[in-house]
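Peer 1: Protein sequences, first through last, are from chains A and B. Each residue of the first sequence is one higher than the last, beginning at 1 in this note's numbering. Each residue of the second sequence is one higher than the last, beginning at 1 in this note's numbering.
No lab work stands behind these hints, which were simulated from the structure alone. A hint or two may mislead.
To be verified - Using 16 Å as the maximum straight-line C-alpha spacing, the simulated EDC-like pairs for lysine to aspartate or glutamate come out as follows:
#1 Lys140(B) to Glu109(B)
#2 Lys197(B) to Asp201(A)
#3 Lys197(A) to Glu109(B)
#4 Lys328(A) to Glu387(A)
There are 2 protein chains.
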Amino acid sequence: MRTGIATVCLSGTLSEKMDACARAGFDGIEIFEQDLVTSALSPGDVRRRAADLGLTLDLYQPFRDFDGVDDDLLAANLRRAAAKFDLMGRLGIDTILVCSNVATATRGEDDVLAAQLSQLARLAGDHGVKVAYEALAWGKYVSDFEHAHRLVEAVDHPNLGTCLDSFHILSREWDTAPIEKMEASKIFFVQVADAPKLSLDVLSWSRHYRVFPGEGQFELAKFMGHLARTGYDGPVSLEIFNDVFRQSDVARTAVDAMRSLVWLQEQGAAWLAGEGETHRYPLQLDTLPRVPEPTGFNFAEVKAADTSALETLLGQLGFSSRGRHRTKAVQLWTMGQARVVINETAPTLSGPAISAVGFDVENPLLASSRAQQLKAPVVPRKTQADEEVFQGISAPDSTEIFLCQGTPDGTAAWTAEFGQAPAGRSIKGASAVIDHVNLAQPWQHFDEAVLFYSSALALAPQPFAEVPSPTGLVRSQIMDTADRGVRLVLNLAPLIQQGRSKTYQEHIAFAVDDLVSIARAAKKRGLQFLGIPANYYEDLAARFDLEPGFLDTLRDLNLLYDRDAQGEFLHFYTATVGSVFLEMVERRGGYDGYGAPNAPVRHAVQYDLRQTTA
Amino acid sequence: MRTGIATVCLSGTLSEKMDACARAGFDGIEIFEQDLVTSALSPGDVRRRAADLGLTLDLYQPFRDFDGVDDDLLAANLRRAAAKFDLMGRLGIDTILVCSNVATATRGEDDVLAAQLSQLARLAGDHGVKVAYEALAWGKYVSDFEHAHRLVEAVDHPNLGTCLDSFHILSREWDTAPIEKMEASKIFFVQVADAPKLSLDVLSWSRHYRVFPGEGQFELAKFMGHLARTGYDGPVSLEIFNDVFRQSDVARTAVDAMRSLVWLQEQGAAWLAGEGETHRYPLQLDTLPRVPEPTGFNFAEVKAADTSALETLLGQLGFSSRGRHRTKAVQLWTMGQARVVINETAPTLSGPAISAVGFDVENPLLASSRAQQLKAPVVPRKTQADEEVFQGISAPDSTEIFLCQGTPDGTAAWTAEFGQAPAGRSIKGASAVIDHVNLAQPWQHFDEAVLFYSSALALAPQPFAEVPSPTGLVRSQIMDTADRGVRLVLNLAPLIQQGRSKTYQEHIAFAVDDLVSIARAAKKRGLQFLGIPANYYEDLAARFDLEPGFLDTLRDLNLLYDRDAQGEFLHFYTATVGSVFLEMVERRGGYDGYGAPNAPVRHAVQYDLRQTTA
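Required output: the full structure, derived from the provided sequences and hints.
Peer 2: Have a look at this one:
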């Protein structure tokens with residue numbers, strides 16, 4: 001598939017944008033008019049630079065408010081078009097995007113529109129350029145892609161065709177099946193965008209909240225399948241207006257963008273496969289090796305210069321020290337199948353922070369190859385000849401992700417590179433696993449992280465929640481597997497906390513069978529629990545009809561509680577060391593959540609502790 | 001009027017919120033349940049702390065999803081209510097907010113709702129507390145304040161009354177006049193919020209985008225007038241859910257909040273006055289000295305450690321140096337009635353930055369007194385006995401605002417404290433005035449700034465615009481006077497630039513009669529214009545049918561051009577020194593804008609210069 005991107009998606013100057021697109025591997029770009037108008041590069045400079053970079057210039061855009069106007073304005077619009085067609089000649093661009101009139105149209109009859117578009121097509125023919133006509137979702141008279149295409153067919157001129165834009169089609173919830181009936185030669189261009197489902201006016205939604213494919217909620221797989229069936233073989237180009245992307249580092253955003261087109265092709269091919277079709281059509285949807293979702297967490301790693309506070313916490317929770325690695329400066333602590341690696345190579349001044357997460361996958365080499373083709377940066381890790389080789393990639397927030405060999409019994413062969421678990425240390429309820437890992441995301445990379453984990457790791461994004469905290473709402477995005485063997489929680493911290501790259505919202509949660517026993521034992525060992533206010537337990541009593549003895553146990557052990565139709569949830573938190581804290585949870589019945597009603601309590605108590613220790 | 005605020009409006013812990021509210025001068029507060037549940041303060045502690053701070057505890061809120069439920073849930077809800085009524089006894093709060101059911105209601109018949117509310121009212125009576133019932137705009141069966149009030153009247157119990165919330169009423173565009181027919185004794189509480197007009201689902205709008213009165217677009221003056229006529233004399237309390245306020249400094253937000261209630265009272269009184277009523281009703285709407293809007297800019301001040309680059313720019317533009325002040329380390333530069341003060345007392349390392357703006361007002365002492373009652377911090381300025389005393393206040397972005405004595409001819413007496421204008425320096429077109437000043441605002445204080453300038457300076461906010469720049473969209477808010485004697489532009493820079501308190505988006509613009517002559521003379525003197533790309537002029541030619549010689553002049557002098565139905569606009573920019581640049585504009589005909597289509601060009605060129613010099 002020929003990949004493309006509109007320059008408006010990215011931050012920086014035209015020159016910076018072109019460089020970033022070429023480095024990210026795009027075939028071509030759309031020149032957004034304002035990027036040219038504000039640039040010191042002449043049209044000839046742009047043409048030469050694109051050629052040097054190996055980028056095709058696929059589209060000049062947009063030309064606005066052409067059709068449906070009165071005769072005077074039509075004459076002015078044709079004059080304006082002639083000037084732009086001339087400019088395109090110097091740029092070496094053969095297609096211009098003309099979008100349906102939103103502002104100046106006064107005449108909506110199809111025959112008037114067709115006659116005016118026909119004049120434009122003839123003028124374009126004289127200049128040797130092609131016009132791709134697109135229905136904007138908020139067009140005054142033309143807002144539907146089928147309507148736009150009927151006009152194109154009515155004009156029936158070789159220099160007039162259709163531009164399809166997934167945003168304008170899917171935002172209005174129009175059926176994409178009719179795309180298949182279009183003649184491929186009349187589809188001059190295709191733009192793709194995704195978006196979260198929002199109940200916002202479609203113009204604001206379009207201008208601010210578009211995201212790259214796979215970062216929103218549109219049914220793009222189906223759109224691509226229908227498109228492939230037409231026989232279209234032109235560029236599939238990203239046109240994303242997004243407030244965050246406009247502000248983010250151009251090189252990173254271009255890579256994120258390219259990843260979304262790799263993903264999109266796979267989704268399109270998968271949709272066709274689901275329909276029983278295996279051929280690739282002229283669109284040539286490239287696919288990567290498919291890998292099943294991970295089966296569980298293999299380990300979590302915390303980096304610390306001074307590891308003592310973390311060791312104390314783990315020991316008090318009931319973890320066993322498995323000693324140091326035989327060649328690396330790392331320690332292993334385990335409790336059942338829950339493995340925590342303490343990496344002792346952190347810079348001296350930084351406090352403990354989550355640095356890596358290992359996932360159990362069926363075939364680490366294949367999974368790593370797939371991730372790299374999805375533009376995930378590789379993390380080098382030194383390994384001795386007889387040690388397990390870890391396949392590592394770097395997540396958008398710079399956490400290292402390791403793809404490890406899963407086993408049917410949840411064990412990990414590499415633990416043999418450490419010492420053995422000391423005998424007699426096992427306690428009741430100690431069959432622990434990592435339940436979830438919660439990572440704080442910088443605001444610039446939140447959407448990117450969602451696509452990264454879904455495309456490279458096959459985690460599924462759930463609808464996001466917003467949790468109140470004393471410093472603002474925390475956006476919380478759960479990514480998980482169907483069987484909940486892996487649950488990853490991405491938290492977008494309030495802006496005011498974003499000065500630090502790591503905030504206090506990061507933790508590792510362990511699931512155990514008998515939380516009360518674990519908590520009692522931890523209390524005896526002197527664990528510093530996160531202290532839960534008495535008011536919380538009074539509110540709990542008002543909300544749930546709890547047995548008084550049970551309520552006393554919760555209060556006594558600083559346990560939090562939640563209940564829903566599926567089951568019950570008990571959990572507690574430790575004090576924070578550096579930017580990390582730990583959580584222990586017990587899921588009773590089919591409880592599938594994270595104790596969301598309790599999250600504000602956790603945030604408030606942690607905030608209060610920071611204020612008093614700052 | 002008794003002023004109040006809900007703790008949910010502010011950031012921080014309950015204790016920090018209470019302190020900030022007391023310092024800002026509120027009479028009372030509403031305790032938001034989550035703030036209590038997450039607090040280490042016991043109910044008794046909260047009660048004592050409020051008493052110590054001189055704050056009344058006016059409301060406990062919210063109690064959700066009580067009404068319209070089945071019998072089992074009703075029993076559970078009454079149990080839950082009894083627990084909260086008991087808690088209120090310990091807090092010393094006599095009123096609880098019960099909002100109409102949004103989640104669990106299954107029965108919407110009025111007689112069922114009234115019967116259930118009646119049970120709640122009796123239970124409240126037993127505990128000596130009052131229930132204020134409020135219709136949420138998205139309530140399942142009750143979403144209209146008149147409906148809620150009919151239920152209250154039907155129950156007819158002394159412990160059940162209505163809570164009015166301006167957001168839930170005005171977001172649905174309901175007529176506020178029926179408020180007047182309500183019996184004051186049945187209005188148990190009043191919450192006020194403003195909001196920008198958004199086409200968003202009302203729940204999201206309410207949860208994220210409420211702002212303090214005067215910072216949005218609701219017709220709150222009328223709401224207050226109707227309320228006053230009922231005879232209500234209870235608290236008028238702010239309940240604002242706002243993503244930014246939740247993240248901002250609690251003490252500042254509390255002051256901003258208090259300012260909005262001072263403003264709101266004045267607006268209410270003004271609405272009543274417009275209806276021919278002058279008495280204050282039991283609500284006792286307090287008003288401040290009214291002042292007319294400023295008549296013009298008196299001066300703009302730039303602070304610089306090294307003033308030479310600025311002096312060069314001003315000289316090249318045709319400004320005359322009027323020398324140093326006789327006692328202060330400031331210089332005066334003038335061109336016609338445009339006065340620029342260069343303050344030489346800046347810290348050595350900082351580049352030139354706009355530090356103060358002087359406005360011509362009718363009565364500086366009165367205006368200053370008004371601003372101070374609106375909680376504007378006073379700026380002290382040392383003055384000798386025979387010098388003009390400047391009344392200064394500090395704006396939210398820390399720019400100093402001076403309220404100066406306006407004169408019919410636009411002169412300023414204080415200039416006599418400097419030297420005289422050198423003879424023979426005046427040039428053609430030099431009858432300049434300050435046209436507008438453009439100030440960059442930090443994101444946390446943008447809404448606050450709008451209310452500050454409208455309440456303290458009587459500037460009117462216009463609908464905001466968004467301008468694309470290479471680092472993101474720049475939100476641009478114009479505040480002006482009816483005759484456009486004062487035009488202030490507040491720019492909200494993209495987040496990525498917010499590390500610096502001052503960005504490159506700050507400038508002073510001067511209006512002249514003959515821009516081309518000014519530009520020619522400046523060019524001769526060697527002025528460094530902001531260089532406008534050739535592509536801009538090509539696009540200009542495509543958009544407007546300009547006379548070729550005129551287009552050449554524009555290109556030759558780096559002039560920008562805009563035209564609309566009212567007239568034409570010519571302007572140019574200088575290079576940036578520190579964080580300041582200067583603009584010269586010529587308005588032809590009735591052109592009333594700022595050349596918005598040209599703003600992206602300016603941003604892009606300035607960005608490019610920063611990249612190459614960084």
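Peer 1: Against this structure, judge whether each hint is valid.
Peer 2: Status of the hints after comparison with the structure:
As the CA atoms of Lys140(B) and Glu109(B) are separated by approximately 12 Å, the hinted pair is consistent with the 16 Å bound. Of the pairs offered as hints, the one joining Lys197(B) and Asp201(A) holds, with about 12 Å between alpha carbons and a cut-off of 16 Å not exceeded. As the CA atoms of Lys197(A) and Glu109(B) are separated by approximately 33 Å, the hinted pair breaks the 16 Å bound. With a CA separation close to 11 Å, the supplied pair Lys328(A) and Glu387(A) stays within the 16 Å bound.
Against the hints set out earlier in the document, a violation occurs for number 3 only.
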